[in-house]
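Number of protein chains: 2
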Amino acid sequence: MELLDAFKWRYATKKYDSTKKVDQVLVDKIVEAARIAPTSSGLQPFEVFVITNQELKNKIVAAANGQEIVADCSHLLVFAAWDNYTAERIDQIYALTTTRREQPADRYKAYTDRLKNMYLNRPAEVNFAHTARQAYIAFGFAIAEAASLKVDTTPMEGFVNEEVDKLLNLSDKGLKSVTLLPIGYRDETNDWLVNLRKVRNPREKFVTEIA
Amino acid sequence: MELLDAFKWRYATKKYDSTKKVDQVLVDKIVEAARIAPTSSGLQPFEVFVITNQELKNKIVAAANGQEIVADCSHLLVFAAWDNYTAERIDQIYALTTTRREQPADRYKAYTDRLKNMYLNRPAEVNFAHTARQAYIAFGFAIAEAASLKVDTTPMEGFVNEEVDKLLNLSDKGLKSVTLLPIGYRDETNDWLVNLRKVRNPREKFVTEIA
Chain A
-9 MELLDAFKWR YATKKYDSTK KVDQVLVDKI VEAARIAPTS SGLQPFEVFV ITNQELKNKI
51 VAAANGQEIV ADCSHLLVFA AWDNYTAERI DQIYALTTTR REQPADRYKA YTDRLKNMYL
111 NRPAEVNFAH TARQAYIAFG FAIAEAASLK VDTTPMEGFV NEEVDKLLNL SDKGLKSVTL
171 LPIGYRDETN DWLVNLRKVR NPREKFVTEI A
Chain B
-9 MELLDAFKWR YATKKYDSTK KVDQVLVDKI VEAARIAPTS SGLQPFEVFV ITNQELKNKI
51 VAAANGQEIV ADCSHLLVFA AWDNYTAERI DQIYALTTTR REQPADRYKA YTDRLKNMYL
111 NRPAEVNFAH TARQAYIAFG FAIAEAASLK VDTTPMEGFV NEEVDKLLNL SDKGLKSVTL
171 LPIGYRDETN DWLVNLRKVR NPREKFVTEI A
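As given, the protein sequences belong to chains A and B, one line each in that order.
Reminder that position 121 of the first sequence reads as 111 in this note's numbering, one-by-one numbering, no gaps.
Reminder that position 97 of the second sequence reads as 87 in this note's numbering, one-by-one numbering, no gaps.
It is worth saying that the hints were derived from the structure and are not from the lab.
Honestly, I wouldn't trust all of these hints.
All copies of an identical chain are treated as equivalent in the list; a pair is satisfied when it fits inside any one copy or across any two copies.
Claimed, not checked - Only pairs whose alpha carbons sit at most 25 angstroms apart, straight line, appear in this in silico BS3-like list of lysine-lysine:
1) K4 x K106
2) K140 x K19
3) K11 x K99
4) K47 x K188
5) K195 x K99
6) K19 x K(-2)
7) K(-2) x K140
8) K140 x K163
9) K47 x K195
10) K163 x K195
11) K140 x K188
12) K99 x K188
13) K99 x K156
14) K10 x K99
15) K195 x K140
16) K156 x K188
Note that this is a predicted model, so its numbers are computed, not measured.
Only chain A is shown next, with the shape it has when bound in the complex (with noise of 0.2 angstroms):
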């Protein structure tokens, strides 16, 4: 299957098969394809959790308007940006590239510190959402992997971060929550949405050619 088609046979999953898990090297898949998608200077300035705690995630949905997807799911995947950049942030992930490509110790030196320069002057709202922006690409990457699997997701912005941020106890990792993305195998009987038609914007008006 073209990676086209599994884009427009995912649909945002308003209900689960409760009884259906998502097997677990499927999940490791998902959250490889976030692992591996592409950030800014490659700082990599988020993390991923991955939820089947049913405590847990009956919590979180208190924390997201009640939405019974994040209970009903196989896994829940919480996306997690670093709350600012730091210099130990930034050598940590240079010194392992410096080692990964066998580089002389200096290597990146000049490269960091230009990054620092940038970086540690700002306040640390202006890094979050720089960070936050990466953490998207990387939960873009896992949907269309997910996709590719024909496992269902639900991306999710709908809850109150700072109670998540709580129930990970993601501020003693500098963390914030950014998106879930609960995933597992649609209800087909009982999804409201899973017959109606997805509805975008005519490639007309989505985009514009210069040539």
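Please arrange chain B on chain A, whose structure you already have, making use of the hints.
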């Protein structure tokens, strides 16, 4: 090929073979992936510009710290998000949704009233932060689709947004540039990055499982 293999194959191309053009059929698929990507409440608050005009590409090089990939790529995609939500924009997409889904005229009235109540009382910059995030999901979808077609891309944020906005007259359309996506075919002999290892944090640092 599995999508995950395409994700491993892709990298941020640093040098394009300017003699190789991407077939229009493939460009259309990449744009289509962005068009059908999910967005918050289905508002689809962004547009895509596809630029092959060499003079304009050269001007954008100057707005992108002299990065020649913008000139050498086959097609340059620019992702531009709404500068704000407006009642007209919300009504437009839900009028389309009402028609396409053959719903009664007032089917989405309560829902769009809720959206307007939420978005129209916030500062433009808060709304733009939100529209930009949606564009990043579609950016991810376009990168994914390109990779699945073995078309190279370079996800780019490093440019002066205001200059690109001016070059494309984006303010007239109520848009602001968010990302650039040069697409084309790598110049294997001259791309310094092509043979360097892709580096990401290991799974155990990236993922937390709560079972």
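Exercise. Can you give the numbers of the hints that this structure goes against, from lowest to highest?
Worked result: 3, 4, 8, 13, 14, 15, 16
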